[in-house]
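J.: What follows is each chain in one-letter form.
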Amino acid sequence: MKAAETAPLLNKSAHQAVAKKQGHFIRSLKKYKWLLLMTLPGVVYLFINNYIPMYGVILAFKNLNYAKGIWGSDWVGLDNFKFLFNSDTAYVITRNTFLYNFAFIILNLVLALFVALTINEIKDKVISRFYQSTFLLPHIISMVVVAYLVYSFLNAESGLVNRLLVKWFHVDPISWYSEAGYWPYILIIVNAWKNVGYLSIIYFASIIGIDKEFYEAATIDGASKWKQMTRITLPLIAPIITTMTLLSVSGILRSDFGLFYQVPMNTGALIPTTNTIDTFVYRAMISSGDIGMSAAAGFYQSAACFVLILVANAAVRRVNKQDALF
Amino acid sequence: MQQKNIFSTSMIHLFFWLFTIVSLIPFALIFMVSITDEDSIAMNGYSLFPSKISFAAYTFLFNDFSEIAKAYGVTMITTVIGTAVSLLITALFAYPLSRSGLPFRRTLSFYIFFTMLFSGGMVPWYMTYVNMFDMKNTLLSMIIPNLLLSAFNVLLMRSFFANSIPESVVESATIDGASEIMIFFKIVVPLSLPIMATIGLFNTLSYWNDWYNCMLFIDKPELYNIQYLMTKTLTNIQYLIMKSSSSAQAGDLLAKMPRETVRMALAIVGIAPLLFAYPFFQKYYISGITSGAVKG
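Residue numbers (my numbering), protein chains in the order written: chain R, -5 to 320; chain F, 7 to 302.
All the pointers check out, no bait thrown in.
Across the chosen pairs, the derived CB separations fall in these ranges:
| id | chain 1 | residue 1 | chain 2 | residue 2 | range |
| --- | --- | --- | --- | --- | --- |
| 1 | F | 181 | R | 212 | 50 to 56 Å |
| 2 | R | 96 | F | 181 | 53 to 59 Å |
| 3 | R | 108 | F | 54 | 23 to 29 Å |
| 4 | F | 57 | R | 175 | 32 to 38 Å |
| 5 | F | 137 | R | 101 | 38 to 44 Å |
| 6 | R | 96 | F | 261 | 44 to 50 Å |
| 7 | F | 281 | R | 207 | 37 to 43 Å |
These are calculated hints, taken from the structure and not from any lab test.
No residue lacks a Cβ here, since even glycine has one placed at the ideal position from N, Cα and C.
For reference, chain R alone in the conformation it holds in the complex (with noise of 0.2 Å):
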């Protein structure tokens, strides 16, 4: 019996607490309105440039057919996939994107700490922010540039490496746009010249920060410069590195498409060690117009890297909570 007459009184007060709440968040939203009405052109073209081409991955799953369009193309299964998994390809274009990056992120970290620790050494500011701004330069001009400064220094006939080669070693000129061979180690050069600069200024940003008091109980200690860098700077500045690394390496599946493609001139004849999945992606649907391969090979690459940004983020969280991503 009395538990019969409590049950709607909780029932209303329940009722009353909904409609409070409702209440107040009606109320929030007319505060809000204008506020809310500011984010809508943001949110609409992040729908068309991100959303719906997301929603536009099954076409992986389609064959295309251009009179029925992307919605009433027919479904395929899985069978682009398999072209692509059966050819060599996919294997290939892995493989090359998973080692440039590799080679990227271990080269631009170890040269970048070396310059950040090395130029946190020079006391005289103007100096300093003289070397910054010319080993920033390369990272803010567009690979088409990269590709002009490579060719003056690669191309066969006049090329600079070339004539002192023959000047200075008498070797015979190499033909660098012909041999694949050699692309593998132009291009992770090509990569630290343009991103180690920029690198090496995040980190040295961060060194900044760090409390001066540290390094002065420690020179009162009496510990050498040295030591200093690998017991103060390099622990301090970990979690940046962590984050950056994290970063990088939740990208290992991405490419820089531009150097894949700009700087070594979009060349056949290099295509095997500089063919990576997003240079494999453009020339399936421009060149070749084989929409369908190309899309299941941007579909698996996104995958991929979700899969991935997921996992690296996870061990990060388990190593230190602070320095995961979300």
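For this one, chain R is given, so just place chain F on it according to the hints.
T.: Then chain F, alone, in the frame of chain R:
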């Protein structure tokens, strides 16, 4: 001890001088090639110290400048419009996200963040713009796809707003009866000029340097931007002439063209504005990168 210090300091400076030279020498090389005499290149190849200097390449380029001027026009229009609109949309999106009371705040943040985690890939993205929005061969295709809004920039700006605009300022303006739109344009934007400059600079660079959208969406040579004109000319130096002259003229011009040097002169003409502007904006660029790094 003192001696050791001097030694290590000079080693550090030596290292950075080398690094500076490595960073700058490629630019010096293409500049020197562009002012070398064509015959001297045929004999000695490219050199940082040409045996004979000639400005023939530049004379050749400026003789028929229309192609380059058109490409520069396209680049400037897309850069100016793109940067302005992009900055506006980014700020409009980032500011509400920095206000703690905003309904759907978490949903909206996730909506942005998820685009950084997963993408549909190039093919469906390309199809969306070409088939749904019919953007092939339009100036819009060099402004809108991918370049207009960067999730990363939105998050960067949001943390600036959250850290530098005191809620009390906004509150007191509200009490005084200012609308949210007024508060944004009259109070928030003027207080946020540093981040506006940074994001504006990032945007300008990404529009100025873009060739990818042009390569994908533009078939008509009159709509090429400067970066894509440079791409075309790198692989095929005749391209410059073929497009602008009749076939009879073209043969004549081709024979006279100092090919190697013209290519590099075009590269110099293409990057000159950026190189000249760099000393003036490098300070903001560096502090922009730095602020991104610290917020992480």
